[in-house]
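Colleague: Listed here are the chains, written in short residue letters.
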Amino acid sequence: MRFALDDQPVDYVDGDSVAVAVLRAGQHPQHGGTLCLTGDCGNCSADVDGVPFTRTCLTPARPGLRVRRHPAVGAPPLRLDPPANPVTSPSQPEVRVQRVHADVAVIGAGTSGTAAAEEARTAGRDVLVLDGDAGDDVVGVYPGPMVVVRRDDHVLHVHAHDVVIATGAAELHPVCPGNMLRGILTAGAADLLRARGVDLGRTATIDLADLARFDGADGRVTAVVRHDGTSEPCDTAIVTAATRAPRDLLARMVDDPRVRVVGPAAQRFDLPPAPVDGVVCPCSKITVEDLQGVWDKGFQHIELVKRAALCGTGTCQGGVCMPHLRAFVTDRSGEPAAPFTGRPASRQLTIAEAAADVHLDAFRRTALHHEHLALGAQMDRFGGWWRPWHYGDAMREYWAVREGVSLGDVSTLGKMIVTGPDVVEALERLYPTTIADIRPGRSRYVLLLNERGHVIDDGMVCREDEHRFVLTFTSGGAASAEAWVRDWVETWNLDVRIMDRTVSLGAINVTGPLAGELLRRVGVEEPPRFLQHRHLSVAGVDCHVMRLSFTGEASFELHHPVAHSVELWRALMEAGRDLNVVPHGLQALFALRLEKGHVIIGMDTELDTTPRRIGMEWAVKMDKPYFVGRTSLGRTEPLPDHRRLFGYTMEGPAPVEGAPISVGNRIVGHVTSSFTSPATGRAVMLGWQKHTPFADTVTIDGRTATVTPVPFYDPEGSRARA
Amino acid sequence: MNEFVETLLSLTWHEPRSSYDVVIIGGGGHGLATAYYLATRHGITNVAVVEADYIGSGNSGRNTTIIRSNYGIPESIRFYRHSQVLYDRLEDETGCWIMHATKGLIWLAHTESAMRAERARCQLNNAMGVETVLVDPVEIKRLCPQIDLSGGGRYPVLGASYHVPASTARHDRVVWAYAQGAMERGVHVLQQTTVTGLLRDGDRVVGVRTNRGDIAAGTVMSAVGGDVTTIASYAGVRLPVRTHPLQAFVTNGYSQGFGPIVSDTELLCYISQTARGQMLIGHEYDREQSYSRQSSFQFLQANAVKMSYLLPFVRNLRILRQWTGRCDVSADFSPIMGFTGVDGFVITTGWGTWGFKAIPAGGEQMAELIATGRTPEMIAPFALDRFAADHSMADQGSTGTR
Amino acid sequence: MRAPERLWALRVVSTPEALDHAHYEGDVIVLRIANDEAIAIGAVHAELTDEHAIVEVESTFVGWDLSLAEFDEIVHRHVEWPLPAERPALAQGLVAGLPLKFWIDHDRVLMISSNGLVHEVVDRLGVPA
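Protein chains in written order, with UniProt numbering: chain A, 1 to 722; chain B, 1 to 402; chain C, 1 to 129.
Chain A on its own, in the form it takes in the complex (with noise of 0.2 Å):
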C-alpha cells in the first residue's frame, strides 16, 4: 500500500498515519523540527490532497493520497482556482454533517476523561465521549455549549447540556539552537513510533533540562550537546521532560458555567527555564532573538510580544510555545505571565468543513412563478421573493397599464386578518391615520410608525365588518409585520386575533383603463369602486376584490387561496387576450408609482423619516391620543427641520437613480427614484434636499430641475377613481 509524497511513493503498514508512514520511509513531513505526533503542534503539517496545513500525525495513511510538504520558506502556495462549488458541481463530495445531543459530552478518553464519564453515567446522565485516539479531533468547545469535532469522513456538531474537558497534559518541545532540524522527537513520539515498528536507528535520548543543543548536518539531527558540554551522537534525539503542559487550549475558549475542566489540563504547572536561544514557535519560525527583540523595543506584556513577534500566532496556536513564552516574559518582568486567550477553531477546520450543511436565506417563490418563467420574465428577489422585474420589455408592461390592461401578481405582499373585540383600539394604536371610522367594504391607507416616529412601513386596512379587518403590508415589510402587531397587542393586553394570510394568499393586480372590462368578462358585474373591497367569485375562484391603485390607473386587487392563483392567472391572461393584456413587472411598476408620486417606504425613504419629510403628514393624526410614535412626533414636530423629498422634473432623459442634487456647487441631497416619463414628456424624479432654505430650482445630472408637486401624473386622480 502505498501514497506519493512530493510525486515519489510511500509504502505504509496498515495502521499508520502519514506521519508515521513518512517517518518510515526515512522521511520527515516538513523540513525538521521536534515531532510530538499527537497533534499538540505543528510541525507534521503538510499539504494533503490539496488541503495545505494537514496535520499528518492525525490524517491515516490511505492509499492514493497526494502529499506535498510546504515549502522550505515561505507559506504554502495560494491555490486560487481549486475546488468545485459545492453547489454548481458535484464533483467535490460533500461533507456530511452528524449531529447529536447528549447530557455530557467528555472530551478525552484518558484517566480524568474516564472518570469524569463514569461519574456522569453513575448518575444517570447520557454521555458521550470524545476520543482523540479514536479519531475525534476536536475543533473547539462553543457556547451553548455545543463541541465541533472533525472526523475522518464527517463533521460531528454535538449539542451537550455540559461538556467536560479532559485532555489531559502535552510534552514540552525543546527550545534551543539545532531544534528546527530532522530526526528530534519527543519521548511520546519515539514511543509511538517503537510501538509501529519503525525503525530510529541510533537514539540519544537527553531530558530538557540538561539540553544545551542539538548539531546536525545537511538539516538532519546528528548529535545531542548537553549543558556540561558532553555530547552524544545519533540518528534520532529523544527528549524527556520531568514535567507536561496543561493541554487547555480548549480550556481556554470558552467561558461558560456548563463546560468543566478536569484532571492534568486544569492543573498548575512550572514553567520550564526561559529559552536562552533557538525557535520558540516552529509554526511561525519565532526565536527568542525575536522574543528579546520585541521586548526590548518596550512591547512587554504577553499579549503584546505574541503580536508584536508573531509568537503563538500560527497552525498550533501556542501548543508549542506557549509554555516557552510565557516563561519568557515571565523572566525578564518577574511577573508571572498567564497563558495568551485560546481562540478557536483549535484543529483547522476547513471552509467546506464549516459550511457544510449550512443554509442561508431561503427565497420564496410564489404560485405564479412557472407563469412567469413560461412569459419569458426576468425574475430578480425583492424582499425575499422571487418577482419578475420585467417580461422582456419594461415600456411596453408600463402602457398596457396606461393605455390596457395587465396583470401583476402581488402574491407577496404582506397580508393579515385581524379581530376580536378590542380590534379598533388596537388597530388606532397602532396606526397613525383614523380607524373607527371606516365603514365596512371600505379601505384606507395607512402608514405604520415606529415609536422613533420614522415611516417603516405603509399599506392599506380593509373593514370587512364591526370587528375584522384585513391588513395589507408591503412585500418588504411582511416578514416582520406579524410580529409587529402581535408584540404591540400583546403589549397592550388587548383581546384581538390575528392571523396572517401572506403564504396563504396570492394575490393579482388587474390595471389599467380597461381592468374593470376584464373583470366584467370573468364574472364580475359590479366590481367595486375606488377603496372599496368584496368578495366575489372571479372565474370561480373566490377572490377578495381591493379596488385601490398604486399604478395611477383602476386598479382591482385579487386575493385569493394561493392553490388557485394559476387558474385564476390563466383565466385573466385568456379572457384578455383580445384586449391586448400583457404582465408587468416591477420596473414597470416602479415607473409608474413614480409618475403618482407614490413613495416605496425603504427606496425613497431612509431610516430616520418622518412623515413630514415625505409630505405625509395628512396620514397622521396628532388630534388621536396615542398611535406608535406619536410621543416622538409629538416632540420633533416644533423643531426645525431641513430634511425634505421633493418631486422634480426636467428636460431630457432620466438621471441615473441616485445622482446627487446640488444647488450652486453644494450638494443638498439626492435623486431617489427617476423614469424618462413617456406619459408627461419629462423626466420625473423624487429626491431629498437635506438643507434649509429648500430651493426650487435644482442642479441634477448637469441640468436644471424643478420642484414639482406630486403626482406628475393625472393630478385629480380620475383615472384611477374611472
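None of these hints come from the bench; they were simulated from the model. Don't be surprised by glycine CBs; every beta carbon is placed ideally from N, CA and C. It is possible that some hints are incorrect.
[Said to hold, decoys possible] Residues from chain A that face chain B, not an exhaustive set, calculated with beta carbons under 10 Å:
#1 Gln-8
#2 Val-51
#3 Tyr-142
#4 Lys-297
#5 Ala-308
#6 Gln-348
#7 Val-358
#8 Asp-361
We have chain A already, so just place chains B and C on it with the hints.
Modeller: For chains B and C alone, coordinates are given in the frame of chain A:
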C-alpha cells in the same frame, strides 16, 4: 530578528503623574491617535492615555483592517476620505511600517435593488471626489478572476461598485505607530489602568478615578469601545448606543495571491488577504446585543458558506483562528464625536464596525476639538445632539450591516 | 418516496380555550401550531365557541408522506433540535434553514412546508418535488 520585529519602533513608557491636561480613556486606535495629533499638531503633550488592558487590546486589534470611503452620504464620504488620505501618508509621517497596501474594493450586487444602491453609491462618491465606479461582470472577472459569477448558482453577480482607493493595514501596527509617536513626544500611556469613575467638580468633569488612583485632568475624553455607556454614565451622559459582538476569522497563511478586497451588500461579508498571507474574513455584527467576546460556530458556518458561494477556492483553506470584538452601534449607524453637554468631558464612540478606517481622521479631528475648544466643521454633523434635533446621519447601507 | 401533495385545511385562530374544544368535520389531523392557532388538515367545517374566531381555508401547505425509515435517512440529520418522544406529535422549527412542520405518527411522518418554499425543501433535503 525577522522583519516584523526589526521594523518595530520602540515604545517609551513613563511613570504616571497625578495630573494631566488631557486624559484619554481607552488605549486603542482612536485614543492613541488623538494623543498623537494633540502632540504633533497642537503641541499638547501633557496627556495620558489610560488603558484597562494592553494597548490595542479592544476592537483596534480585532477588526478586519479595511480602509474605505465609499459611503452613501456626503458627510461620511468626506470624513472617511480624509481618513484615507491620512492613512496613505501615515508610514511616511511616523516612520512606522503599518503594512499599508492599496487593493481596491469590489462590492458585489446580486439583485436589481442592490445594483440600484451601488449605482447611487458611485454617483455620490464621484461627486465627492472619491473614485468608485460601477463595474459589470466582465470587468469583475478581470479584477478578480476567482469570483464565481453564478454565486454558487444562488447569488448570481449582476455587477459591483469598485472602490479604487480601498486599502488595508495591519491593525496592531497602526495602534503602535500612534502610540510610538505620541509616547516619543512625552504622552504617557498607562496600561492595566481601569477607569472606575469620573472625578467631578460641580457639573464639570475634572479627572478619572482608576484602580491605580485618581488622575486629574483638564479634559477627559472617552475613546473606549464596548464599555462606553458605562463610562458616559459616570458623567451622567446617556448615549443612544447598543453593543453587539462582531466576529471574524483568518485562515492559515499562504503565499500572496489574492489582490483585492471583496465585499457583498447582500451577504454582508468581506474578504482580503493579509500581508502575512492569511485570508481574513468577516461579516455583519451579531443580531443579538451582547458584551460577550466569545466566538460562535454559527458565525463560522454562515460566513464559510457565504465565501464558498462567492469564492469557491476558499473551500480548501483551513481556518486558523476566529475572534470577536464589541461594536458600539449608534441609533443611526454613524459615529458620535464631540462635546457631550458636560464640561470637561468629550467623547468619540459609535464606531460600530467602521472604527478602524476612521482612526486617523477621528483622532485628528478630536485633537483639534480638544485643543481649540471648538467643533471642527468636518465632524460637526456627528455631534451627540443630532439625535435630540432629529437630524440623524443614517447611512446603514454603507456600513456593512443591516 | 412519493411526491408531495397539497394539504387542504382550515386554519383557525381563536382563544386557547375555544381551540381546546373545537370540533372539526371530516377525517382531520389537527396541528396545534400555537396556543391560539390550529391547522385542521382535511377539515371542511369548524365549530368554535368564540364568535371572534378566524376560520379560513388554507391551501398553502404541501406535505411529504415519509416512512420512519425515510425520515431517519433523509431528514432527521438536518434537524438540530430534539424531537418529541410521544406519538403522534407535532414538531416545528427551522430545518436546513427552512420553516418546516412534522406530524410524527407511529409509522409515518408528514413533513409540511408552505407552497413558496417547496423548491428550497427539494434542493436542501433532496426530497422529490
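Colleague: Compare the structure with each hint and give your call.
Modeller: Now for the hints, and whether the structure bears them out:
Look at Gln-8 (chain A): its Cβ only gets to about 23 Å from chain B, farther than 10 Å, so that hint breaks. Taking 10 Å as the C-beta cut-off, the interface hint given for Val-51 (chain A) holds, the closest approach to chain B being about 5 Å. For the restraint placing Tyr-142 (chain A) at the interface with chain B, the shortest Cβ-Cβ distance is roughly 5 Å, inside the 10 Å limit, so the hint holds. Using the Cβ-Cβ criterion of 10 Å, the hint placing Lys-297 (chain A) at the interface with chain B is satisfied: the shortest such distance is roughly 4 Å.
The restraint placing Ala-308 (chain A) at the interface with chain B holds, with a minimum CB-CB distance near 6 Å, inside the 10 Å limit. Given the 10 Å rule on beta carbons, the hint for Gln-348 (chain A) holds: about 3 Å separates it from the nearest Cβ of chain B. Using the Cβ-Cβ criterion of 10 Å, the hint placing Val-358 (chain A) at the interface with chain B is satisfied: the shortest such distance is roughly 4 Å. Among the interface hints, the one on Asp-361 (chain A) holds; its C-beta lies about 9 Å from the nearest C-beta in chain B, closer than the 10 Å criterion.
The structure fails hint 1 only (numbered hints given earlier).
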